[in-house]
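Colleague: The listed protein sequences correspond, in order, to chains V and R. For the first sequence, the residue numbers in the numbering used here are 1 to 340. For the second sequence, the residue numbers in the numbering used here are 341 to 680.
Since the hints were derived computationally from the structure, they do not count as laboratory data. Bear in mind that the values here come from a model prediction, so they are computed numbers and not experimental data. A hint or two may mislead.
Computed Cβ-Cβ distance ranges for the label pairs, DEER-style [unchecked claim]: (1) Q351/R to G44/V: 53 to 59 Å; (2) V509/R to S106/V: 52 to 58 Å; (3) A8/V to D483/R: 40 to 46 Å; (4) V16/V to S514/R: 37 to 43 Å; (5) S204/V to K343/R: 55 to 61 Å; (6) E546/R to D317/V: 40 to 46 Å; (7) S204/V to Q447/R: 51 to 57 Å; (8) S204/V to V509/R: 53 to 59 Å; (9) R109/V to M405/R: 57 to 63 Å.
Cβ atoms here follow ideal geometry from the backbone N, Cα and C, with glycine treated the same way.
Protein chains: 2
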Amino acid sequence: MNKTELLALLQPEIEVIDDTMRREFASINNPLLQEVINYAVFNGGKRIRPLLTLLAARLCAFCKMPEGIAEEDELTPPVDLYRLAMVFEFLHAASLLHDDVIDHASQRRGKPSANTIWDNTHVILAGDFLHASAMTLAGTIGDSKTLDMIGSATTSMIDAEFLQMQTAVDRNLSEENYFAVLRGKTGALIGSACEVGAYFTGASPEQQAALRTYGDALGLAFQVVDDLLDYQGDPEKTGKAVGNDLVEGKMTLPLIHAIENAPDDEKKFVMDLLQDEPHKRHDHIQKVHNFIEKHNGFTYSKQGAETLVEAALESLDIFKDCQAKKTLIGLTGYVLTREK
Amino acid sequence: MNKTELLALLQPEIEVIDDTMRREFASINNPLLQEVINYAVFNGGKRIRPLLTLLAARLCAFCKMPEGIAEEDELTPPVDLYRLAMVFEFLHAASLLHDDVIDHASQRRGKPSANTIWDNTHVILAGDFLHASAMTLAGTIGDSKTLDMIGSATTSMIDAEFLQMQTAVDRNLSEENYFAVLRGKTGALIGSACEVGAYFTGASPEQQAALRTYGDALGLAFQVVDDLLDYQGDPEKTGKAVGNDLVEGKMTLPLIHAIENAPDDEKKFVMDLLQDEPHKRHDHIQKVHNFIEKHNGFTYSKQGAETLVEAALESLDIFKDCQAKKTLIGLTGYVLTREK
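Required output: the full structure, derived from the provided sequences and hints.
Modeller: Here's what the structure looks like:
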């Protein structure tokens, strides 16, 4: 399944998700709060988390049907499934709003970020509102186990943010920490989006676990590729400057691996640079790039992403072949080949 | 019941609430996150919200017992009730953490506020963590209705914050808006703390509604007195400078009422001052104080608080006399006579 086919398949679902969110926001009392939230949520996001909830649910619903009884496209997902899927987009948007305040970000997906249009008060509170709504929906559409899964994903994200801040200060060089941050910040919510979709359809614990593994691995692979694109991407396509992570002193897998494998005399230059001012690192992006290349940081990361994708694919083996499964497989391909 | 008796009765409950929270925080993975949260929560708060949950539950549990069968002090509240009560302290603490970031506050209850010790990232995320934990606990200890009550209280708080920001910019003079902000910002969570306590014990809808009314009215009275103390309190006792609200341009009931009742030529001075720089208002606190006094703003507000307390007391009429009821009555007296 190529990218065009994948998008054509997903587009109608994205539209239903967007309509569901629009209807939900229409009942917000305060017009300004409504405006901030609409701006933050309808900003060109790919809706990957709610899509995964829908796909996981569809896959498990299909696998429950006796052979030959139902065609997959006859299974109409209940309205509540879309509302539950939307919860993951709310949580994602809430965390982006708070991140933008924290980072004093000026741009989000090529548009001015919410905190440049309204003040921090409005933006922090809009995030809190989305968060409270998400948790309430999670536990009223779903049950207490659903809420617990989603609540754990949220607290894992915060835990990982604390770990990341610490590793940034320490210029931490451990691959283990790198993956621990990724698992919490990206894997947990995506894994939970898949698991909740499966759980909602009454899937078996084995199926739930398999889809959680798929989501975790897909999320991690996505982030590893993101960190690669930061060094190797085309700024025209990614919309971000090359070497941004390096300038910010953010330790990602390509650099961590290269430092681990370089002889002392070669890595001294990089270690000194990491202790230096950000603008010094900016001046030496090409040199660091060559250093990573020479010590296989890029190859190693690319292989890491491929291994994660293999794990994601393998976890789908227990499911019957169907359109939803093909789409989930297609998404792993998209993660590996994306350029932005 | 005087204040000393009231505190003696409540102190053992406060200790159980604090122990319950300490145990909950002990399982937080990240040591720094744990530190920020402990600092924010154990800062001398009065635990009024969880206490109200416990008292409401105790009152309703007693009223369910057949006459003469049980003594009230034999009713041991289940551990889960304390954990549910704790949710309200989490939500309160989360909103204070975000408020302190928003207001760039330097002090909270006479100690440096969390945002002066750690940076905004840590403080915003610690608030998010408390919020996520609170909502998860609400829907796993309680049921989906419990979660919905607590979620609605949280979104009402945010709605009211937006309304308050707008009324501050507009220098809004309507008593209706003043109370709408109070109901959302203070009444909703306190009313919900009482209602949830009643609901948890399986109280009748009438009893739940009565305790919600009690909490709403108590919360509003508390805030009206707070706004009075801002003008009339002893800074030695309140720990706040006199006239702080005026300097910040915050329109509270004493001033709103006085402006409504003063002749045009007398109120012109105040209206001009409200459009002026904060330091100008600081220079004229005494003059505004006299203006409010002359036009009955203080008397009117005091009567407003008394009327609210009467409504709170009246809502308790349907319950049998017992220690919990006496304590709830005692709390209304404390609200009216407090000096800090």
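Colleague: Cβ-Cβ distance between V509/R and S106/V: within 52 to 58 Å?
Modeller: violated (24 Å)
Colleague: Confirm or reject the claim that R109/V and M405/R have a C-beta distance inside 57 to 63 Å.
Modeller: Given range 57 to 63 Å: holds, Cβ gap about 60 Å.
Colleague: For the hint 51 to 57 Å, verify it against the beta carbon of S204/V and that of Q447/R.
Modeller: Taking Cβ atoms as reference, S204/V and Q447/R lie about 55 Å apart, which means the hint holds.
Colleague: Just tell me: holds or violated, for the beta carbon distance of S204/V and V509/R against 53 to 59 Å?
Modeller: holds (55 Å)
Colleague: Could one say that the CB atoms of V16/V and S514/R fall in the range 37 to 43 Å?
Modeller: Once the Cβ atoms are compared, 42 Å apart, the range 37 to 43 Å for S514/R and V16/V holds.
Colleague: Quick check on a hinted range of 55 to 61 Å for S204/V and K343/R, using CB atoms only.
Modeller: holds (59 Å)
Colleague: Does the Cβ-Cβ separation between Q351/R and G44/V fall within 53 to 59 Å?
Modeller: 55 Å Cβ-Cβ, so the 53 to 59 Å window holds.
Colleague: If I claimed the Cβ atoms of A8/V and D483/R lie 40 to 46 Å apart, would that claim hold in this structure?
Modeller: holds (42 Å)
Colleague: Tell me if the beta carbons of E546/R and D317/V are separated by a distance inside 40 to 46 Å.
Modeller: Once the Cβ atoms are compared, 57 Å apart, the range 40 to 46 Å for D317/V and E546/R is violated.
Checked against the numbered hints given earlier, the structure breaks hints 2 and 6 and satisfies all the rest.
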